[in-house]
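Listed below, chain by chain, are the residues.
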Amino acid sequence: MTGQGRLLAWGIALAALAALPFVYRDPYHLHILVLILIWSFAYTSWSMMGRFGLVSLGHGGFMGIGAYVTALLWNHLGLSPWIGIPVSMVAAGALALIVGYPCFRFRITGHYFVLVTLALSGIVLQVITATRDYTGGSLGYTPNRASGSKLLALQFDDKTTWYLIALGVWLFGIAVWYWVDRSMARYALEAISEDEDAAAAAGVNVTAEKLKITLISALMTALAGAIYCQYQMFITPDTVSGIAVSLQMVFAAIVGGLFVSLGPTVGAIITILLAETLRIGFGTKAVGWDNLVYGVLLVLFIIFLPKGILGSLLDRLKPQPKVPRAHEQKAVQIARPGT
Amino acid sequence: MQAVLDIFDIYLLEAVINGILLGGVLALLALGLNLIFGVIDVTWICYAELVMIGMYAMYFMVQYYGISYFIAAPLTILLVAILGALLHYLVIAPLLTAPPINQLLATGGVLFVLQSFATVAFGIDFRNLGIRLPVLAFGDMNFSYARLLSFLAALVGMVAVYLFMTRTFTGTAIRAISQDRQIMALMGVDTKRIYLITSAIGGGLAGLAACLLVLQYDVHPFVGLSFGPITFLICVLGGLGNFIGGFIAAFVFAEIISLGGLFSDLEWGYVLAFAFFIVMMFIRPAGLLARRR
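Read top to bottom, the protein sequences are chains A and B. No gaps in the numbering here: position 288 of the first sequence is 288 in the working numbering, and each next residue is one more. No gaps in the numbering here: position 21 of the second sequence is 21 in the working numbering, and each next residue is one more.
Just so you know, the hints here were simulated from the structure itself, not pulled from any lab data. Everything numeric in this text was worked out from a predicted model, so none of it was measured. A virtual CB, placed ideally from N, CA and C, is assigned to each residue, including glycine. Hints may contain errors.
Unchecked claim - Quick partial rundown of chain A residues pointing at chain B, CB under 7 Å, derived from the structure: (1) Val55; (2) Pro102; (3) Leu115; (4) Leu118; (5) Gln126; (6) Val127; (7) Leu247; (8) Val250; (9) Gly288; (10) Asn291; (11) Leu292; (12) Tyr294; (13) Gly295; (14) Leu298; (15) Ile303.
To be verified - Not everything, but these chain B residues come out facing chain A in the computed CB check (under 10 Å): (16) Val42; (17) Ile45; (18) Gln103; (19) Leu104; (20) Val110; (21) Leu111; (22) Leu233; (23) Val236; (24) Val271.
Could you put together the complete structure from these sequences and hints?
What follows is the structure in structure tokens.
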């Protein structure tokens, strides 16, 4: 597709998406769409880091901070979410920097990085549970209903408003994805993920580049948590924080396709539709079934389709690249050994 | 004033000793995970879930079928060992050449499978074995007999693994592979077989841990999450694949949790342990006893 055709397709699709709630008003379906959009945004935030080999299991922690800080500021200090959300994002960003800096400075990569971030989401979960006098512990937490202005409290009753907010946030996520995709940072990060020493030798500031993408990813994840909290008006440590949420992000991003912009969105559509279908089809008997299917799919995908559904599909559709001539082949091999 | 101090000291001593007893089981868990990491270079994120399955196996054998605890325990160890070997054969073996992150995430998928399998099959009720072991009173301190038993059994298990690793041909091959996996294949060692055996031993250690943990804790599908993360932290703190480092780190962590729990809630003990872990990553990024690579 040419650049203009692609832009046109995006424009039409967005217009259709934005017009949807005014034409179609079934509250249940709109609710599912809002959930899909919010989670897509969260998964996209994760994939910003994940696509460069920075697999974090700490994003459940960032999401929990986004949700709980916003709700706590509103309930205890009466701070509007318009202030609370930026504060929560700053908190998550600060945490990301505190944990990220030593990780990247001391070259903690691979397994170690995954396990350190795992500790991070563990801490957030335990802190939320331990401070049960304020956060309600494992029983969950509800932001107070606004007595005054709905807009100031960012609490709306109708699904249409939420749908548009979620659509805007999701679009913002995709825009950031493309912004990173077009930036120099992307090349730097790809070089880092292939070989850190070589990248550093080529003049890439490894620590700074990694910190930047981690910060962006953490800020966005905290925003997703806050929006989720404002929409659902009920959060528990297990739904917005902890290892299960982190793994869920990884799962959806991988199933959809980690390396394409809409991959995490496709992942969110699949996972949420799957969960809802099972819930409606089997009722309470289906408790646990959705995760069982997720788990099996995740294993199968990693073994057989590591690029995800959308990624593999796009690879099929793309025309085969022309066979390079002999001298070009040699150049290619020098540039990327091992591929 | 003096009386208050005396009581405080007794509690402190009790917490310290309880920490050591807890450390034994944690060290056992860490040993299994370290073994698999050191030899196969894979982290089983679902390790604690294997323990959970083992705990359910114990529960059903002892409570439902009335099998004696001491007969059920070896059966459970065998079952989880088979599970470990299966996990390696079905999930890890096809991914041996894939990037390590993919292997780790695939075991994350297995975590989902095991957890939800337990939810579907056994429900989310808390179940316990119903065996109430006496409490051991020593001076003014009280120790649960179950903890003491677990500590001793964990030590026996670790000594058995140590002897196996140092006194048998297979054990020697396992240690050799963890040093250089390419050369060992050239030396005529069947690496696939060794990997499978190692996975089975790792699973067996999880099974042993399950038999011991089921004495102290109720079992439910999410029980793995309560000690899984801490096991990973212990392994990383000790240096992944470093057995002695993992052993020491297990006791350090257990003491932090036990003492932190003494002064405040148990969750704060965990928070303290996690925070300690992150601080240690600043100071010693490659583990307490950093191994030269």
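Right, here's what the structure says about each hint:
no., hint, verdict
1, Val55, "holds (5 Å)"
2, Pro102, "holds (5 Å)"
3, Leu115, "holds (5 Å)"
4, Leu118, "holds (6 Å)"
5, Gln126, "holds (5 Å)"
6, Val127, "holds (6 Å)"
7, Leu247, "holds (5 Å)"
8, Val250, "holds (6 Å)"
9, Gly288, "holds (3 Å)"
10, Asn291, "holds (4 Å)"
11, Leu292, "holds (4 Å)"
12, Tyr294, "holds (5 Å)"
13, Gly295, "holds (3 Å)"
14, Leu298, "holds (3 Å)"
15, Ile303, "holds (5 Å)"
16, Val42, "holds (9 Å)"
17, Ile45, "holds (8 Å)"
18, Gln103, "holds (8 Å)"
19, Leu104, "holds (6 Å)"
20, Val110, "holds (6 Å)"
21, Leu111, "holds (7 Å)"
22, Leu233, "holds (5 Å)"
23, Val236, "holds (5 Å)"
24, Val271, "holds (5 Å)"
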